[in-house]
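Undergrad: Take a look at the letters that make up each chain.
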Amino acid sequence: MNEELDPKLRKKMKYIMTTLITLTISQSVYSVRICEDYITDEWPDSRYNVQILSGDNVVIDKITGLMWKQCSEGLSGADCLTGAATMQTWQQALAIPEVVNTVGFAGYSDWRLPNIEELRSISAINCYNSAINVVVFPNTSSNYWSSSPVEVFPTGAWIVSYIDGQDNYRTRDLDARVRLVRAGR
Amino acid sequence: MKSKPITFLASLVFFSVVNAQSDVLFSNGFEFLASLNDTGITWDADNTSGNNSTCSSNLSSPQDCNYGRDDNHNDDSDGHAGFSFTKLDATGTPLPDQTVDYATTVWACVKDNITGLVWEVKTTAAGIHNQDNTYLWGGLTAIGRDHPNRQGTYYDPSWNDLVQGSNTENLCGFDNWRLPTVAELSSIVNKGTSDPMIDTNYFPNTSPTRFWTSGPVANSPSKAWCLYLRNGYDGGLSRDNDFRVRLVRSE
Chain F
2 MNEELDPKLR
12 KKMKYIMTTL
22 ITLTISQSVY
32 SVRICEDYIT
42 DEWPDSRYNV
52 QILSGDNVVI
62 DKITGLMWKQ
72 CSEGLSGADC
82 LTGAATMQTW
92 QQALAIPEVV
102 NTVGFAGYSD
112 WRLPNIEELR
122 SISAINCYNS
132 AINVVVFPNT
142 SSNYWSSSPV
152 EVFPTGAWIV
162 SYIDGQDNYR
172 TRDLDARVRL
182 VRAGR
Chain P
4 MKSKPITFLA
14 SLVFFSVVNA
24 QSDVLFSNGF
34 EFLASLNDTG
44 ITWDADNTSG
54 NNSTCSSNLS
64 SPQDCNYGRD
74 DNHNDDSDGH
84 AGFSFTKLDA
94 TGTPLPDQTV
104 DYATTVWACV
114 KDNITGLVWE
124 VKTTAAGIHN
134 QDNTYLWGGL
144 TAIGRDHPNR
154 QGTYYDPSWN
164 DLVQGSNTEN
174 LCGFDNWRLP
184 TVAELSSIVN
194 KGTSDPMIDT
204 NYFPNTSPTR
214 FWTSGPVANS
224 PSKAWCLYLR
234 NGYDGGLSRD
244 NDFRVRLVRS
254 E
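Note that the protein sequences, when read in sequence, are chains F and P.
For what it's worth, the working numbering labels the leading residue of the first sequence as 2, then goes sequentially.
For what it's worth, the working numbering labels the leading residue of the second sequence as 4, then goes sequentially.
Hints may be right or wrong, so weigh each one.
What the hints assert, rightly or not - Some chain P residues near chain F, calculated using beta-carbon distances under 10 Å:
no.	residue
1	L39
2	N40
3	T42
4	Q66
5	N69
6	L143
7	G147
8	N222
9	P224
10	W228
Calculated from the structure, these hints are not laboratory results.
Computed from a predicted model, the values in this text were never measured in an experiment.
For glycine and all other residues, C-beta sits at the position ideal for the given N, C-alpha and C.
My request is simple: use the sequences and hints to build the entire structure.
TA: So this is what it looks like as structure tokens:
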């Protein structure tokens, strides 16, 4: 089949295919996120202060006063696209801060797993896929562990899913992502 | 003919970029949450299964109970653990005796001293504040109700009588009563207990059921956010459900 095609047409088809593939990739990274303008945006860029301290990126929430690591554990770089997000059980997640604090991050050594209210405070429920401000918290999706165990489900801990910003229980020996926090004021 | 696929692709790219950016360019302000409440969890859990009754276990890694006001301001005199509440009468005056129970002296509102929010207290008496009143979602102060691009059904009369009635009677000295956001309603949830997950010494007459919040669900316009006080989790449910409501006001 291909041998019969005009080389110019083949070149054009190749260009179209490449564009399509590029478009598919860029769609999956940037464009599946949808925000509804009729739902109040309580999480605009202006709410946050992104700072580089001792070479490390942190996000300060001017409303709650909390300081967050910009990237999920396992990820780094300006867009948090370097590396792979660490998927951990709850027990493993709870142990991460000690490792981080041994060397320090952004000049601080009091990083910890957020509780469920803190984790929820960055859910931007005017959007979905992801329900978070992805300018200040790039490459954030799926489930994140909190430090809060569940009263009515003693094998679970509270998580937030940034697909839609909802909280939920998750069995402690399943995997989820981690983003660390520290008191900001 | 030749340029058609490219034009189509270009318009797709443009559409995607516009969609992705719209939230950033057209944000319309926000309310101040101020400080976050702690969770009310004063106990820790084993790594894979089981909850303990206290925070004194010898687990290797700190958990929720090791941090925050539930740890460093754990004083039940003004609400469970780290919570700090003040009972207000119907004029907004703090009750002289904050330890009084509801059967002895009723109070109309509770001020949260951490978040600054003032909350309606439900009543056993008949009327707009009755604990068993339920509403379809979408009445006055529901987010997006007056927006030209709103999606899904906003029901009426819904909780309109409650909002308007509270403002008219100047409940606790205020006339800007509204539905709380998910984060606000969640802030008074005591996740250290259940059935209902709230400090009933301050919020009596609270059914362990579902309460509406002001938020529509972005990815499902037939739903709105509610919070289930039996087990504490939030989520989107169909707006045509009859659920309870607790009003809030802020500056």
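Undergrad: Interface hint check: P/T42, Cβ to nearest Cβ on chain F, cutoff 10 Å. Holds or violated?
TA: Status holds, d = 5 Å.
Undergrad: Can P/L39 be said to touch chain F, with a Cβ gap under 10 Å?
TA: Result: holds, 5 Å to nearest chain F Cβ.
Undergrad: Classify the hint on P/W228 as holds or violated, based on whether any CB of chain F lies nearer than 10 Å to its CB.
TA: holds, 7 Å
Undergrad: Would the stated hint for P/N222 survive a check requiring a Cβ distance to chain F of less than 10 Å?
TA: holds, 4 Å
Undergrad: Tell me if the interface restraint on P/P224 is satisfied: Cβ within less than 10 Å of some Cβ in chain F.
TA: With a closest approach of 8 Å, the P/P224 hint holds.
Undergrad: Does the CB of P/N40 sit less than 10 Å away from some CB of chain F?
TA: Holds: closest Cβ of chain F sits about 6 Å from P/N40, inside 10 Å.
Undergrad: For the restraint on P/G147, tell me whether the closest CB of chain F is nearer than 10 Å.
TA: holds, 4 Å
Undergrad: Could you check if P/N69 really has its C-beta closer than 10 Å to a C-beta on chain F?
TA: Holds - the Cβ of P/N69 comes within 10 Å of chain F, reaching about 8 Å at its closest.
Undergrad: Return the status of the interface hint for P/L143: holds when the least beta-carbon distance to chain F is below 10 Å, violated otherwise.
TA: At 15 Å from the nearest chain F Cβ, P/L143 fails the 10 Å test, so the hint is violated.
Undergrad: Is the interface hint satisfied for P/Q66? The criterion is a beta-carbon contact with chain F at less than 10 Å.
TA: holds, 5 Å
In the structure shown, a violation is registered for the earlier hint numbered 6 alone.
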